[in-house]
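Residue numbers (the numbering used here), protein chains in the order written: chain U, 1 to 474; chain S, 1 to 474.
Take the hints with a grain of salt, since some may be wrong.
To be verified - Partial list, computed: chain U residues near chain S (C-beta under 8 angstroms): (1) T54; (2) Q158; (3) A193; (4) S279.
Said to hold, decoys possible - DSSO-like mimics (lysine-lysine), calculated; alpha carbons at most 30 angstroms apart, straight line: (5) S:K335 <-> U:K455; (6) S:K144 <-> S:K258; (7) S:K464 <-> U:K384.
Note that these hints are calculated values from the structure, not bench results.
C-beta: ideal position from N, C-alpha, C; glycine also.
Number of protein chains: 2
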Amino acid sequence: MSSTQKFSPRSVPQQSHSAPRPALRRTIGAVAILGATLSIGPASADPINISDFTLSNGLELVVIPDRRAPVVTHMIWYKVGSADETPGISGLAHFLEHLMFKGTAKHPTGEFSKVVATIGGQENAFTSNDYTGYFQRVPTEQLKTVMEFEADRMTGLQLTDAVVLPERDVILEEWNQRIGNNPRARLNEQIDAALFLNHPYGRPVIGWRREMEQLSRDDALAFYRRFYGPNGAVVVIAGDVDPEQAHKLAEATYGTVKRNEIIGPRKRPQEPPPVAVRSLTMADARVEQPFLQRVYLVPSFATAAKGESEAIEVLAHILGSGSSSRLYRTLSVDKPVAVMAAASYDSSALDMAKFSVYGSPRPGVTLQQFEAETDAVIADVIAKGVSADELERAKSRLIADAIYAQDNQATMARWYGAALMTGASVQDVQRWPDRIRAVTAAEVQDAARKWLDKKRSVTGFLIKDTSPQAEKRS
Amino acid sequence: MSSTQKFSPRSVPQQSHSAPRPALRRTIGAVAILGATLSIGPASADPINISDFTLSNGLELVVIPDRRAPVVTHMIWYKVGSADETPGISGLAHFLEHLMFKGTAKHPTGEFSKVVATIGGQENAFTSNDYTGYFQRVPTEQLKTVMEFEADRMTGLQLTDAVVLPERDVILEEWNQRIGNNPRARLNEQIDAALFLNHPYGRPVIGWRREMEQLSRDDALAFYRRFYGPNGAVVVIAGDVDPEQAHKLAEATYGTVKRNEIIGPRKRPQEPPPVAVRSLTMADARVEQPFLQRVYLVPSFATAAKGESEAIEVLAHILGSGSSSRLYRTLSVDKPVAVMAAASYDSSALDMAKFSVYGSPRPGVTLQQFEAETDAVIADVIAKGVSADELERAKSRLIADAIYAQDNQATMARWYGAALMTGASVQDVQRWPDRIRAVTAAEVQDAARKWLDKKRSVTGFLIKDTSPQAEKRS
């Protein structure tokens, strides 16, 4: 749902393409270390003993032991994202994420961040369609401090126009940077809007600019009061901490916060069955390399039939991950018509998910030719399936990557957090390697046949605008 | 916004194409006489004396004299349409329109319709994106009776599952008839969804089928209580009635209904600036003739700069209305590549409006060739403008048609009603011919240049599905 890099580390030459629907992320202090995945994650070959608690006010606590160093990663995830916004007030989930640093009665603006920085910690925050999260990495002995701060701002946020209005300028500038000045992000925005006819995933996480310009203190507070509270949150702690000790700390901090009775079930308008093959073309003077992105509407882990999401995961890997993938081999090596060609799937979404195929043709090759060659590769997988060798390599790679990735404490915390935000459980994450192992070649072919149907897709073409007005427009 | 035929009676051979975003209309009794326009209407050369009253409870009354026969057309218009629905509960405005015939404490189900039929009257009802309306044509002496019935059901509607659930089956069957079994309606639905990235005009008036299936009695009553009431309504009476007499009748009937304090201003999420050229292709086994429809997002009368909507109206006429239009002459006569080619614009919308260009290629001509030829005709108007002769003919025709159309009492009532529902006034309707007269050739060319920009458009291609699965799918 919201990574800028898919789970599997890819060796495709050009990996500047940002995956569909990226979470907005901000780095306040030090370095952002959240470069990793949000796929329904992996577990180790040697299962980690993960503890899962629920406090009486509804807050869920997940503790992931990692005793290698005296540090902890503390994350609080709220079950609210841009897809929960009211139409016409888009960008509010992300705006609120920014405003959450503006202080409470106990702690004035900036104090929390200052404390984290002083103790040598890192912090971050992010918003996706489905969730909003706050993150700190601190020495273990400071865990209670950050929990106190987070518990305090869970209901204690205070906002004045004096802090809200300048912060709105900040998110508008963020829009300029991330979307306005980024033709591929703009393309993504337009593809999402065309792909989702009814579901709010069609709305940009950062918001429609004109609506962002109107966001107010009252909007932010109403949204905060509607969605924030212990029963709308999951705390994930990964690191050098005893689960029972973490539980006690949670009781002492988050446990004192009253349940928010307004928080209800998460239910969004759903998509009608897709019936039209869609495409769109964006011309931009800043485009150096024509680019194609095809996005198919496919099941997420949460909405898929048993095993189907895993088959799609394997399919994405075989089709478009790395230099031995079908797309890369066929289009970049054998023919060659592409400077890059890849595919990706992010299974973590509360509602449906997206399967992307994308790339750029070599100079002299048109986007239409590139599209036709891409279609041929997909048609071949649908018609003939995948080989036993491809299947085994993909599965091994996916599982190995998942295991290696566990070396990163924050990655682990993110996997579990994202899973719990999007309809999966701790067990689902832990059993992911087993389920990947169980995928058969027939299931991969079935998934391709069923889901890589052009009627389920939007194809976006990004081309250089060479018109005389182009300079002025861009 | 919602007619099935544009204002201007066209001589284009095939006029089976239904204009974009048609109002849903039902005929309960006799014949539906509502075939006419909803463009911001015309007035006669000899202005009619129209009276406009507002009762103390907020109800607006418009009386249009027409003393030729002892009959009146009585219409009540509510300022609520599908664009006012809550996402996820689509189709509710139209469903409620059906349910409004299910009776009150005073009058059981069917009584109102039976009375109208018994006195030899006609009745009808319709729903668009922007409004819901109810209509009766009765002998003048029965006017008070229908006003009493309408005033009674304005707040007195009673619903039980016993009547709601079977009526839901009725609207689902209506969906089958109007949308499911009608590839062009389906194409329209998909184009609207692709054209509007954020505005609820992207939602079908009849609803998304899966959401229609879930509509409940509670949904309907909540919607009714939120939007119905005297301050959300305009009554238009055209016919053989004295304005003061009509006013008295309105006071005696509608005047007794309490204002609905919940009704607020009409504010919908607006569109971001369009940036991508979009297209979509639908294949359907039932398609006999390939069909193209290009829809541009353009200003409505309500949102346009002064005079701009009128210039667009003239442009639509010159480009695509009748056998002397640019599209018809060029594509159907001179070349000829088309069996039909036309354009239309409906200015009546509370928010933005649509400008459509559509047609079918001759056998042997591809849709792509047809599109290229259509683009060439549009490009020519943009580059060279229109001739003085074309301009004069279009303006004369539009004004004359408007005057002739006033011969129909119900048409008159509809013009004023639709105008008042979509941000125009009685005066706007009356001055329409003068404003059309004032349009210059330069304004028409400017309108074409500014608004017929492909970035503002979606092009829909409807083709025959000849795949082996086609029979099964359709």
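Right, here's what the structure says about each hint:
Look at U:T54: its Cβ only gets to about 29 angstroms from chain S, farther than 8 angstroms, so that hint breaks. Interface restraint check: U:Q158 against chain S, minimum CB-CB distance 29 angstroms, threshold 8 angstroms, status violated. Taking 8 angstroms as the C-beta contact cut-off toward chain S, the hint placing U:A193 at the interface holds, the least distance being around 4 angstroms. For U:S279, the interface hint holds, since its Cβ comes within 8 angstroms of a Cβ in chain S; the closest pair sits about 5 angstroms apart.
As the CA atoms of S:K335 and U:K455 are separated by approximately 34 angstroms, the hinted pair breaks the 30 angstroms bound. Proximity of S:K144 to S:K258 is assessed by CA-CA distance (about 19 angstroms); at most 30 angstroms being required, the pair is judged to hold. A hinted pair counts as satisfied when its Cα atoms are at most 30 angstroms apart, and S:K464 with U:K384 qualifies at roughly 27 angstroms.
The structure is inconsistent with the numbered hints 1, 2 and 5, although it conforms to all the rest.
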